[in-house]
Amino acid sequence: MMKYLKNFYHFLGGVSFAIFLISSVTLFVIVGTFLESKTDSHRYAALYTYNHPLFALLLWGFFINILFSSLRRWPFKCRHIPFLITHTGLLMILGGVLIKHYYGIQGSMGIIEGSGSHEIFYPESYVLSIENQNSKAYIDLKSLGDVKAVFPELKVGLAGHTPHSSEIFESWIKGNQGFIYGFPPFEVYQVSDPNLPFSVTTPDWNIIAFQSDQVEDLAKSIYLRHLELDVTPNIPVNYSLDFDFSLVEGFLEPKLVIQAQNETMYLPLYGSEALINKNISTPYLGSLPFTVDLKQKPILLFIQDHQNDLYFFAFGRHGEVYSNVFRSNALTSLMSYDNGYLGYATQLKFPCLSQSRWDKEQASIHLLRNSLDEGIKEGSPLSPPLELLRRACEKNQLNFTETCIAYLADWNRSHQLLHSKIIPEMDWDALPENELKTCYWMAVLFPEIQSHLIQGKDFLELLQEREWPLVEQLQALRQSTAPCNIEEIGPLLTAFTYQLHSISAQLPSINPSEELKPLLFAAYLRLYNITYDVIQPQPTLTSNLIELECPLTTRHQKETPSEKLEDNLPMITLALADESSKDIRTLTYDRYGRGLKWPILNGKYLLRFQPKYISIPYHVRLHHARQINYSNSSQPYSFESDLIITDRRDHSSVEKTISMNHVHETWDGYRFYLASITPPTENAVKQIQIVVNHDPAKYILTYPGAIILTIGIILLFWLKKDLS
Amino acid sequence: MKRFLLLLLMIIFPKLLPALETASAYKGRIRPTEAYARLWLYDFYHNQSIKPKHAQAFQATSAQELLWKMNFLGHSPWDKAPLFWIHYAKLKQILGLTQSEDYFSYNQLSQALYGDKESNLRLVKPLLAYQFIKAYLDPTNRSRSEKIELTSIAPGLWLKWVDNNIIVIAIPQGVFWKFLKPEMVILSNAPKQLSSYLNEQRMITEEALTLISLIQQYEAIAPPPTNALLSTQLLPLQHSKQSPKEIALSLESQFPLRERIEKSGPLLKILPGARGEWYPLNALHLQTYDAKQNTLVAIPNFTLFSDELFVEIRHAYLALKNDLSEDNIENLKHLLQKGYEALEGKPYKQATNKTLVYPSITQLQAEKFYYQYPLIEIAIVLYAMGLVVGALTYAKHPNLTFTLLLIAFVFHSLILCLRCFILQRPPVSNMFETVIYVPWIAVLTGLLLWLKYRNSTLLFSAAFSAIALLLLLKVSYLSANLENVQAVLDSQYWLLVHVLMVVGSYGAFILSGIIGHCYLLSYWKHNKETEENKFLSKIILQSLYFGVALLIPGTILGGVWAAESWGRFWDWDPKESWAFISCCTYLIGIHAYRFHYIHHFGLALCSIIGLMIISFTWYGVNYILGTGLHSYGFGFGGEIYYYGYLLIEVLFLSFLSIPKRIQKLGV
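Protein chains in written order, with the working numbering: chain V, -2 to 721; chain F, 4 to 670.
One chain only, chain F, in its complex shape (with noise of 0.2 Å):
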């Protein structure tokens, strides 16, 4: 399969295959070391190459180079380089930053976050209210205490009631609690109700928490270790007649060798070493203490590589400390590859029923593939050129119209290939990744059906909810990262059956639905049932039957994997709810139309009325429902968006059907 896949990429891509790239551990997850540097630059620039305007101020034209430079330089020669991204207006208003600007330098956020005292306090102040207000209210507070530690950001940080203001009682160490004052007021008159209090304030106190990390984390990091510490603590030791033993002994317990090589920088962590863990390059600069010779060495091989390896590779990685040029991290890229290339495959954490191993080249060189080339964007474009052509030519040339889209479709199950490929897993394990499977199925749905019906609807239509989706999936927020599922939907083959069936409806019920809204276009363009439209109606018919029959079984089998894995069948849990309110709609319309109580029309007004049913099912449960006090970061603005569909899809229908009734009753 893989070497399958390998070939098909090969095809396809001959040229655009990358270079053998390096293993590196970022986030829980072993990537190349290319997809590393990209994320890593996005969290802080929310941006994954740099912008030509800027190459100059960051001494770097890609990620990969600033990431290598600055393991070797630390932060400093980058203090002035706009490197962090800002857009939340009340952030910047906050700080008394430019409004215009987006992006800002460290120097510009360290003056502004705990240089100034003022703009200090009108960010720690309300941050600190916001979580004092959160775990005086959060029931593990049984009491009802009204004198709080807030251990969750600043353990030793108190913070009391009295009568309706916060004040600091006491203070930690720490550079933004210092201009903090004993019997400061955080919050005076605070509002009646707190709870609405907490979500005006969550967006601020979430962006000014990611801030505050994001530089804390730009701060530490620093250029490769110096070992003067353990040389000056050596010299007393070794005038003091002690043994070797003893020195070493001694050593160890001030210097712990494994805490030196943990905390040899927070960059590269590119070292392999036991039990999956990986270890930051910077750790090769380190020196222990040896009892042999009684003095400083050279730090011995604490890696999985094997030893001569390893030796070359530190030879490799000094050479480079001294001249960082682009030869140098090649020559040692190449070792680090020589080393990984003995790992692949090979599993590095048990758990029970499952294994992690390390991921084949292929498979890294795939990742690097996927961050590199604007797939989603290609994938847009083959569909729309698809839908162009078609428009144009379809009545010569049905043929192909359909091969155009069966390209795309092509290229859009490449996509998802990649996905799978990579992540070893079915691409439905989060927001994103149904997003492109949803309007795969209905492309799917589209084509199949129209090699039975040969209707031009059903390919434009399914051209259309491809580009309409996966445009959503560019201008929404949804991150497109390839990363770990969550440990609760790491499961059984069922549930992953489970969710495709379902999520797999979805791309029916959109097809349908568009075709619904071609249907009454049509009819109220011509203003009565032409054959045609009768032909629509059935095809409608055949892709809601498709879809009831994967979203029905599909729910259920989700109730008998929540039966085997929780002990319940079913708790009406909104998503739950939300699968049976669609089950239910489906099913009226289903048996309205077989027992004639509704025809072509209704069958038609049917399918869209699902669709918006079934769009929340999707979407609304997860971001409208879900904006309860357990889900952030969903929808800058989402909501608006989503309402609006609804609002135009209501006026829609209602435009279409009245004047029919109308025009019944004067009939």
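Okay, chain V solo, but in the shape it has when bound (with noise of 0.2 Å):
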């Protein structure tokens, strides 16, 4: 029996099984490499090999060959000490790392400029972190039990978990409901084909909800079935509505487009200008002779298509609408109520949209009018055509303001390039001659030009046909063929006033007939251009905001994991209890516990499934971190972070400044390196990663083995002989 087990002690001391660990090792290290590169995953291949208990077995395996081979050779010689001393050396590395494995701390340390922290977590752990309002435990998944420990009426087990899942935030939408704080859950409908005659009718408070890819066209659908069109005056009009949509960014610039008598406007339905209706056949002459406002049944429209994008979409009671994106997992706001434990909300602030047309003209002349009032009242010079105005509104005891405004309102109503109705008569000696002779020419000349263009004929064909001497300044000006843009009529008309003004003295005169009087102050007007449309000031009306309210919660979904480990979010189902109440949660692991704590049993508890996290005896505080680049270049040179670290046990300070290679050391051991900063842009506010660490064994094994192994290697290989 001695016998065999002196065998067995030789055996494992023995070269022979040496070699045998030394070569399973080896193998074993090469399927994990070529694993981890297939699968670009460290934790894979650990699964398989590092970490697997053969693998261990064999590092124990090592571990006594080692010390047995040693131990085999008592008593021992002078040409022992060679093989002693570097086995020796080998035995302390071995027996470092074991200790620093099972002992030491290894940890990851998020902090954000001008935060702290001194607690630190271990990335590949997974626990429970619970707490209430006066206590907070960090509970291992495969230890629910402990939870009694710091929470004695409180029960948890594990009901289910799956290795990886994805996380959704649900806001307005959850399901087949709607809902808003404050209001009862509303229904969402599921809908594909946005021209169905469908029988949905939208409830008194005017929300409605769909679950559908067809966005653009089912929001054009739900507006164009609750709008009306009033036109003063009554004449029979065409429209069509221009969504102008993006899935992207919202409304960009939808409009209506409406076509009665030949003639064609549209009015914007987002923006500033909503509503104004805009003459786009005959811009020149001013409004068109009709007015058009909408009716709309006031809607807030949430459509949610099949990859969980919410698109909101609000519709005015006089047609405005409004619209908003929110892209899922991305949220615009977050409340949370009593620090999430009565739950957390997502908010939605949008513009009430009550303003008419009517209330925006109607604001636009009346800071006209304030402004006219207010120039006068500061005595500021009026332009030559106003001046004349006033004076003849003194003489005849009219006020100016309204007078000069109702008849530019009046002028822009009327679809004529000159206005034909004067209220007092004006002095029009005092203007200075070649001025009055421009008028006439103007007045003579501008009711032709405007039957021809109204005929959809090209003015310029006109001047040229009378020989118009500067025609061809005209046509260098225009960048289209004929016939002209209409967008360049107006211009072109400014350029040609200027022409005649510049020229007058050279035109023959005109006989100065009454027929011709009433259009001179507009044609007076024109040469200043001062139009109604240049002049009318842009209001800028503030409305209120509204703003909704809707509880947000998750959705979780279970998902194929992945060969790559570390990408993996495992999910996992709790069933908890307490004394008076049960209840059902899931969570996805949240990988840097920086996430929200979800609250359960009726907001007594926060919940979130987190990395382990301990408490370390410093408190680092990041005053500033850098990325300092090479000249020229956005190739880092150096990664710098200015610390504040605080012994918590004697509240002592040091600053310092650590960079990559260049770390702090306290003076019992707790090591602390810069990982990483992020973002890398020069002004962001920057986070960086610390590793912190603490080996106990590092000084009284772990180096002094690597000195020894060296030292050893060398006598052996080059000194035996010369001992022995």
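Careful: at least some of the hints might be erroneous.
Using C-beta positions, here's what the derived DEER-type ranges look like [what the hints assert, rightly or not]: (1) 357/F <-> 675/V: 16 to 24 Å; (2) 684/V <-> 598/F: 53 to 61 Å; (3) 332/V <-> 154/F: 27 to 35 Å; (4) 154/F <-> 129/V: 52 to 60 Å; (5) 644/F <-> 665/V: 52 to 60 Å; (6) 598/F <-> 675/V: 50 to 58 Å.
Residues from chain V that keep clear of chain F, each with C-beta distances beyond 12 Å, as calculated [stated by the list, open to error]: (7) 309; (8) 526; (9) 650.
Calculated cross-link-like contacts (lysine-lysine; reagent style BS3-like; alpha-carbon spacing at most 30 Å) [as the list claims (entries may be wrong)]: (10) 184/F <-> 217/V; (11) 120/F <-> 171/V; (12) 120/F <-> 93/F; (13) 93/F <-> 35/V; (14) 150/F <-> 217/V; (15) 152/V <-> 139/V.
If you are wondering where the hints come from, they were derived from the structure by calculation, not from laboratory data. Beta carbons: idealized from backbone N, C-alpha and C, even for Gly.
Two chains, two frames, a set of hints: combine them into the complex.
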């Protein structure tokens, strides 16, 4: 028996066992590196090799083999010295690594500039963080019963788990119901064809929700369904809706295009100019002779597509529209109630869209009136045509501001290049001669030009026929070829007016007939480029924002786990109970433990599935972090962080700058290493990751072992002969 | 040390030392303008100098000449010159370019890239599909969003999945995207295995992105900026009777001077400014508003040069702009040198524990020298000479071979010293440098062992390993350029010692491996163990010892360094794992030999198997295991050659060792 034992002892310390061990470990490691390369996952490789029990067994075999091989040489002789030194060194390193593994600390700490922390987390650990208003605990998933020690009345059971999942925030629409605080839940209709004559009745509060991928078409058909046009005077019109909606940015330039009596106008539906009637067939003539107002049933519309992006639309009672896009999992706002114990909410703000076209126009006139009044009060000079009007009003005891505005507004509606109405008698003789002459010429020419233009003809042709000498200069001004682009007519007319004025001295005189006189004032205004369109101010009417709020919840979805285990986010379902109530809660792993903590059991506790955090005796505050680049490049030269490290036991502080490869070590062996700084941009607030570690055996075993091993190898190879 | 090196250079190459050189900043380093011009040209042209057949089209004969001319004339005179090198056949096919050609002009490429709708879409569609799928599969896309903005290459460009197709939703401005339309299908019927699609498309995508970026760089090259906008803005301001102070403020807010200086040109960043920034030469053409004179004046000094010198430089610049003559360039360069002399050796960027200083003119000269002469080729020729002469005369004059190889070795050392001197760090920070360093150690070991054992195989093996590895450098695509070291490697003394030791051990192992081959060949020839062979195996053992004595402590030192820097001694990272595997391989061999499990033959076999393992640790870990998502740019078929080497080695071993066994059985 002793013989067998002795043989076994010699086998364990023998070289054949050593060669067997080295070869098997080598094979294991080779397989490990190829697994890691194939799956791009260190954890996957580790699962089958480095962390495998068999591998650990081989390592322990190593330990025993080296130990026994040394003991076997007892009693030691001089020639054994190099051998013993080498193998003692190896044992010390192995021992050092094992002690670090079981008793050392190795964790990560994330800090944002200006903040601090004294907790580090173990990246590959899975714990449940449970807290109530008084206490907090991390419970290992494998020993959920431990929760009793901190929360005696709480029971936690693992009801299910999957290796990989995703977590999606749900806000306004959850399943087939919509939620807004203060309203009863509303139904969500599943629609695949937007043109379906659906029998959807909008409820009294005009909130309606759909699940559909036909976002724009659906919104459009809802909009058109309740749209009514109010045309003054009452003439038949055709209209078409251009929603101009982008799935990314929402409304761009939505508008309603209206055609009647050979004229076209459009109403912008969004933005500061919304609902204003825009003449696009004859913009040079001011407004069209009819106005259009919209009547709409005010509606809030939610459409969620199958990718969980949510589109919010608001339609005002006057037809104005507003939209907002909520990308899935990108929250625009987050509110927490009682630090999360009463849950979370997200918010939506939108204008109440209550102003009509009339409101806006009145506001504009009001603003114009005020500025004219103020100008006169301060005695600032008016432009000559307005000064002429002011003097005429004074003479006739009329209110200048009112007269002026009424005249301009009237002209704007008259659909004429030159308005033929004048209230007070003007003192035309006060005008410089050339200006008066120009006005007469305009009074003669413009009505003719207007009739030409209305027929869709090019007025430059008319000028050419009349042998207007400067027609070429006008031709040069325009970009398109004949007939004139409608947009260009206004500027061309203005240019023509200036031409008239500049060569008026050469023009033959015109008989100042009474017929022309009513047109003179409008011509004079045009000469100074004063029309209603030009001087009309754009008031910015602020309207109150309406705020809606909805409860924020999450939905968890099982995913196919990736071979790259580091990317997987496990999901657990927990059954929870205390004395009075029960709860079921599903949680997806929160990789950094920084996300929301979810309330359970009616808000008595908060719960999060996260890595394990432990406290260290130092509080680390990040004062400033920076990336220094090489000249004229974005290649980093150095990463640095200024830290204030406070010992929590005696409250002494040191300020220290750590950089990559330049660590800080405290007197009791805690080391702080800068692992990363994000983002790299200069002006953003930085977040850093610090690796914190504590190795009790480093200076006793590992490093001396390394030195001893090195000496041993050299002795073993080159001194043995001399010793023997 | 510097003086000594310069002296050494002067002695060896008295006439070759370049004339004084100006400094300029390029890709984060301060380099001689000559080196900058060569690297700049290489990016487009894949050659550091202009080929004689293209000299006429380029209107220049050297990279520097082209650079200076383009700086003043902008890119348009060269739009028809074949400046762009495209080698990748698939890219040429997509762009509709002639397959047999490798050089293309800007006009050809811009037409193909965004002039022609078909070729544009052929390129853009797979490019976008690749980026979209990559973003879709990225772990940061936690909720598996199916609508993604391609922020990295085209902010504002949104794509989405519809069933199995990728469809455009929103398109930003930009010439490359002008043919895209909303709802356009980018990729129909995407393959099931998205990650293998990515692997297939990675190469073409990277090539296309490189080309696009080069074209954009080229388009940015413009003549010196005019001051017309500034003067047109100034006139109304002066007429509106604003005070000079108000005018100055208004102009500065519209045209911030700093921005104008920085954007005055992409080329020739040759004017040193504060905080280590370098400004383009063309900034000298700018004018600024002077409140005292109430008019535009030439830009005042914004450089680190003295004010008097700055004025001189500006005059020289303007003279050069009017007349692009050789004399005017020389004159300007001379003044720039004069200015730089005051800066050399001074710090310009301070970080904790380290500082960057302006390189000395000697360093700049050395760098210019490095780029101007084919140093590696010369080293190869010297080694080859040693090998050939040795083969012919070793029997009679062994010392002659030794002397020749010593000369080659000194020259080889000089290349390493040159790199050390220019970059101020040991030459082991990238693959290129290690491929110079490893044969150096092999030759060093060979020469030292020769002094002790006087065996010809040592010298031949050393020379052979040097020639083989240096030739490998020439045929590989490794960049020979002098660049900054990565921040993570720019570190302590111990890291350097660790790398020098571990990589050095490869040299010793390569030597022992080659001698191992010699042993086996000789064994096969004589069919038995000769005295000569026993002697060879002794040498093999010694060089194995030397290698292991470097490798094991070096690897452990790496562990110590990792423990100091990252707090973990060992983590089974692939490089660590393979260092461990190499250690184990040699340990098995040494244990087996010392305990008489194997003999001379086994040791030689072990040195060859060890060589295969070491080659994998050195090359395979970076280039084969690294072939995941995070390493592109390696091995244009490099793996094939490597597998070829392994196969030949295995065949060699089986050919030589199997007959021996059969023979033994027969006995």
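Hint check results:
1. Taken as a hint, the range 16 to 24 Å holds for the pair residue 357/F and residue 675/V, whose Cβ atoms sit roughly 22 Å apart.
2. Taking the beta carbon of each, residue 684/V and residue 598/F are about 56 Å apart, inside 53 to 61 Å as hinted.
3. For residue 332/V paired with residue 154/F, a C-beta distance near 28 Å keeps the hint of 27 to 35 Å intact.
4. With their beta carbons about 41 Å apart, residue 154/F and residue 129/V fall outside the hinted range of 52 to 60 Å.
5. The hint said 52 to 60 Å for the Cβ distance between residue 644/F and residue 665/V, and at roughly 53 Å that hint holds.
6. The given range of 50 to 58 Å is respected by residue 598/F and residue 675/V, whose C-beta atoms sit roughly 54 Å from each other.
7. The Cβ of residue 309/V sits about 16 Å from the closest Cβ of chain F, beyond the 12 Å cut-off, so the non-interface label holds.
8. Residue placement check: residue 526/V keeps its beta carbon more than 12 Å from all beta carbons of chain F (closest about 20 Å).
9. A cut-off of 12 Å between C-beta atoms confirms that residue 650/V is not in contact with chain F; the least separation is 19 Å.
10. Taken as a hint, the residue 184/F and residue 217/V pair is honoured in the structure, with Cα atoms around 22 Å apart against an allowance of 30 Å.
11. The hinted pair formed by residue 120/F and residue 171/V fails the criterion: a straight-line CA distance of about 44 Å is larger than 30 Å.
12. A threshold of 30 Å between alpha carbons decides the hint, and for residue 120/F with residue 93/F the separation of about 18 Å falls inside it, so the pair holds.
13. For the hint pairing residue 93/F with residue 35/V, the CA-to-CA distance comes to about 27 Å; that is within 30 Å, so the pair holds.
14. Our distance criterion of 30 Å between C-alpha atoms is met by residue 150/F and residue 217/V, whose separation comes to about 22 Å.
15. Proximity of residue 152/V to residue 139/V is assessed by CA-CA distance (about 14 Å); at most 30 Å being required, the pair is judged to hold.
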